[in-house]
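Trainee: Residues per chain are reported as follows:
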Amino acid sequence: MAKKEESTTVETTKIDAKIPAGPLAEKWSNYKAHQKLVNPSNKRRLDIIVVGTGLAGASAAASMAEMGFNVLNFCIQDSPRRAHSIAAQGGINAAKNYQNDGDSVYRLFYDTIKGGDYRAREANVYRLAEVSNGIIDQCVAQGVPFAREYGGLLDNRSFGGAQVSRTFYAKGQTGQQLLLGAYSALSRQVGKGAVKLYSRYEMLDVVVIDGRARGIIARNLVSGKIERFFAHAVVVGSGGYGNAFFLSTNAMTSNASAAIQMYKKGAYFANPAYAQIHPTCIPVHGEFQSKLTLMSESLRNDGRIWTPKSKEDAEAIRTGKKKATDLSEDERDYYLERRYPAFGNLVPRDVASRAAKERCDAGYGVGNTGLAVYLDFSAAIKRLGEDVVRARYGNLFQMYEKIVDENPYNTPMMIYPAIHYTMGGVWVDYELQTSVKGLFCIGEANFSDHGANRLGASALMQGLADGYFVLPYTIQNYLADQIQVPRMSTELPEFVQAEKDVNDKIKKLLSIQGKKSVDSLHRELGLIMWDFVGMGRNKAGLEIALEKIKEVRKEFWSNVFIPGKDADMNSELEKALRVADFIEIGELMARDALQREESCGGHFREEYQTPEGEALRNDEEFSFASCWKFMGEGNEPVLLKEALDYEFIHRQQRNYKA
Amino acid sequence: MDKSINVTLKVWRQAGPKVKGKFETYKLDNVSTDSSFLEMMDVLNEQLINERKEPIAFDHDCREGICGMCSMYINGHPHGPDGEITTCQLHMRVFKNNETITIEPWRSAAFPVIKDLMVNRGAYDKIIQAGGFVNVNTGGVPDGNAIAIGKDIADEAMDAASCIGCGACAAACKNGSAMLFVAAKVSQLALLPQGKVEGAARAKAMVAKMDELGFGNCTNTGACEAECPKNVSISHIARLNREFLCAKFQD
Ligand SMILES: Cc1cc2nc3c(=O)[nH]c(=O)nc-3n(C[C@H](O)[C@H](O)[C@H](O)COP(=O)(O)OP(=O)(O)OC[C@H]3O[C@@H](n4cnc5c(N)ncnc54)[C@H](O)[C@@H]3O)c2cc1C
Ligand code: SF4
Ligand code: FES
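Protein chains in written order, with this note's numbering: chain A, 1 to 658; chain B, 1 to 251.
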């Protein structure tokens, strides 16, 4: 305890999230009724930078351009359509209650708060549930081909953590279709000249002038040129930081850098420890592996998870003496159905992941590494027929077969948890504004709505809620005061300095000319994260992690080798800049996890669990969002606490058993 | 499982758009047949970096066949010899021990090389910007269930919509035509009531843009369909032609 108090400095400044007054269900309408707006002729004079073209960035850029603002939109990929959101498979939630199964805005709100283990803000989550229905309407109007029933109406499926069917989907490619919808809206505005697109650009710093965000420094990834961009406000929708673990389900260029730059320019970083380990990923299979592949959660609708009941059978399977299909029904342990009868295979992700780890740690794991469990479709195939299963999950089964070389129609899939999503992120208030004025953060990059654990199909919902329906309003409340501010010159000293800092950093990296590749150092970091800051965390382990991350940082800054030049396309340099920031976020995650002496959602401290091995929250002491404030290079960050007051919901121990 | 093979790689290296490129040959031993093609490329790059040489530039991001970022012409096929998948989903188990594998960038007039195996596919974005959308603003739209859409129609639209914009169709086509890509979008939106209204105008605008950007004409060789990693069917080209005729008729 004493040690902890030494290492974490707590500041007691009250953090104001600017939650509107009034009853929960009226807060958002009240806000919109009283916020300031910008009139059409003034909108044309205001520039907004949007970093990111994922669901959050693309929807925000398109919507704000439609309203009349001038938008500059940046992404790393060669086309905005390739942002990582494209990879989301399973679906998107909305409280439509089309199935008449008792769903409502309140229930979606309640499930999301409970799923997040009571560590999210009530007002934000309620607003999210409230705007969710509009998202579905919007996407349908854009031509998103959601799955339909025979009668022509929209179809739904169930996802973890809910007892209603509220998930809308487009085969196993929901993220792709939603993103292409947003991309088409964005492209329409690009065609009209309302959005200027900068693809193959990477933001490397935020420019802050007199306490307000006024632009960014970005690198043209084709020429290597560093460029300056001004705007009246800067919006960042750069996605999550799961790649700190090296192996994750995120795309290769998903990164933490934009968020770390905001943090270093004064934006608080909230709840970095809250990361989600997804239960259904294809297990790790080799040293050379570059990423992990998710098998959508929707598979848990029809797939049953099991391990052998006896250790002998597990051993026989690991050594290839037996096959999964050799085991009879009563030799199988459907451990989720056994432990959680009410939710069965559809418990939330954190619960399902820990249960898989528990089985494998206890010696019941399968696959050649013993780090895998089965996801079995034989019952579904028997019940529904292979055709129906193919129609629902065909592309996922194909993906699995191409990677593992086994046919999941005949033999159960093997799965294991992997890092997938980060609930933590840049702190934002109700208006999605960070602690730096004029700097906004949306989508997975912010921390706002999922508390300590995100429910399936809620990230797509949040990204599009932020971009289509929340930010386009709230940003006006800020910009209404900025209409007198003329466009600024990028020759101002703050721009010059920011560019110089970026150039110095790049020169420093290129001059090291050490012996290790960027990837090998990233891999080292990832192993530390997985071993000590992963599914099961404890004080001793987290302290080791902090030490080891320091060593990796030292090694990185003294022994990395980056070939090539700065003024050229240079993918090793790009990766190095990102890994430098993964080291920072890795440290922040460990620090936050150490500070949070409770278990909640995706953050599981082994010291704090119930006798049945479930997460044990401590609402007395830890009912707050931890907000980390940067105190300069080489100094320890300071912790600020945003108290989470539950006015409307009574908090309980999460229970998925009955 | 867990086997390994030795391969010889003939890789196109080109320092920049205006520089002349050439093939370089590399030998790579003990490649696990369970690794993906791009993981094999990572291993090769790691080897080059250890030799203090510049790694091979190639595009990739999701590595699960959905973002459309990876490209590469492998042994004469866009996305390699295996069917219905992208380069990132290709696995080394389809190659033989001691095989020589030839790797080139997309070759198409409209996709200039940026570096090594990386090309500029910005032209596809420009085609979408010319009309690949429904004209709706955010907000003020009807309820999602206001118009019923038959399941078969929705499914067909979904098949067209699964195009990942990778560019393999134009790269595979001897005329360098982007017709399959354009048709997939026109067809998706023309099938659905929301998009049907503007169907003819959309087809006209997108085809005009395609012509302007230097893509060739479609002569129905079918190479695009054969190489498309997402199985987008050339029947969509027929639907595009119908929409296009409609547009001509209205002129
Ligand atoms: C495999 C997988 C499956 C998933 N399935 C589901 C699902 O079924 N349902 C669900 O709700 N959620 C799902 N998720 C989560 C969800 O997809 C993401 O949380 C969400 O798409 C994030 O959207 P975003 O817009 O915030 O960021 P992203 O889509 O990650 O976009 C980030 C954007 O920022 C850009 N960018 C980043 N840094 C910079 C920089 N420095 N400079 C310039 N540009 C930058 C990138 O180029 C990109 O355009 C899934 C996630 C994964 C990994
Ligand atoms: S039609 Fe097929 S080959 Fe062409 S861009 Fe789309 S997915 Fe790629
Ligand atoms: S890397 Fe995304 S499709 Fe291949």
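Simulated from the structure, these hints should not be mistaken for laboratory data.
Treat the hints loosely; a few may be bogus.
In the BS3-like style, the derived pairs of lysine-lysine whose C-alpha atoms are separated by at most 25 Å in a straight line are [stated by the list, open to error]: (1) K3/B to K323/A; (2) K382/A to K126/B; (3) K507/A to K53/B; (4) K505/A to K18/B; (5) K196/A to K126/B; (6) K629/A to K539/A; (7) K192/A to K126/B; (8) K565/A to K18/B.
Pairwise CB distance ranges (calculated) [to be verified]: (9) G286/A to G140/B: 50 to 56 Å; (10) N175/B to K225/A: 32 to 38 Å; (11) N98/B to D101/A: 57 to 63 Å; (12) A109/B to M631/A: 53 to 59 Å; (13) N98/B to L527/A: 31 to 37 Å; (14) G286/A to G222/B: 52 to 58 Å; (15) P112/B to N368/A: 20 to 26 Å; (16) G150/B to A342/A: 34 to 40 Å.
Cβ atoms here follow ideal geometry from the backbone N, Cα and C, with glycine treated the same way.
Trainee: May I ask you to test the hint 52 to 58 Å on the CB atoms belonging to G286/A and G222/B?
Mentor: violated, 38 Å
Trainee: Is K507/A close enough to K53/B, meaning Cα to Cα at most 25 Å?
Mentor: Roughly 19 Å separates the two Cα atoms, so the pair holds.
Trainee: Take the C-alpha atoms of K505/A and K18/B, compute the straight-line distance between them, and say whether it is at most 25 Å.
Mentor: violated, 29 Å
Trainee: Could you see if the CB distance from N175/B to K225/A stays within 32 to 38 Å?
Mentor: holds, 35 Å
Trainee: Between N98/B and D101/A, does the beta-carbon spacing fit 57 to 63 Å?
Mentor: Check passed, 59 Å falls within 57 to 63 Å.
Trainee: Between the beta carbons of P112/B and N368/A, is the distance compatible with 20 to 26 Å?
Mentor: Hint violated: Cβ distance 45 Å, outside 20 to 26 Å.
Trainee: Starting from K192/A, check that the Cα of K126/B is at most 25 Å away, please.
Mentor: holds, 12 Å
Trainee: Does K323/A lie within 25 Å of K3/B when you go C-alpha to C-alpha?
Mentor: holds, 20 Å
Trainee: Indicate whether the distance between the beta carbons of G150/B and A342/A respects the range 34 to 40 Å.
Mentor: holds, 37 Å
Trainee: What's the verdict on K565/A and K18/B, does the C-alpha distance respect the 25 Å limit or exceed it?
Mentor: It holds: about 18 Å lies between the C-alpha atoms, which stays within 25 Å.
Trainee: Hinted pair, alpha-carbon criterion (25 Å max): K629/A, K539/A. Please report holds or violated.
Mentor: holds, 22 Å
Trainee: Within 31 to 37 Å or not, the Cβ separation of N98/B and L527/A?
Mentor: Check passed, 34 Å falls within 31 to 37 Å.
Checked against the numbered hints above, the structure violates hints 2, 4, 14, 15; every other hint is satisfied.
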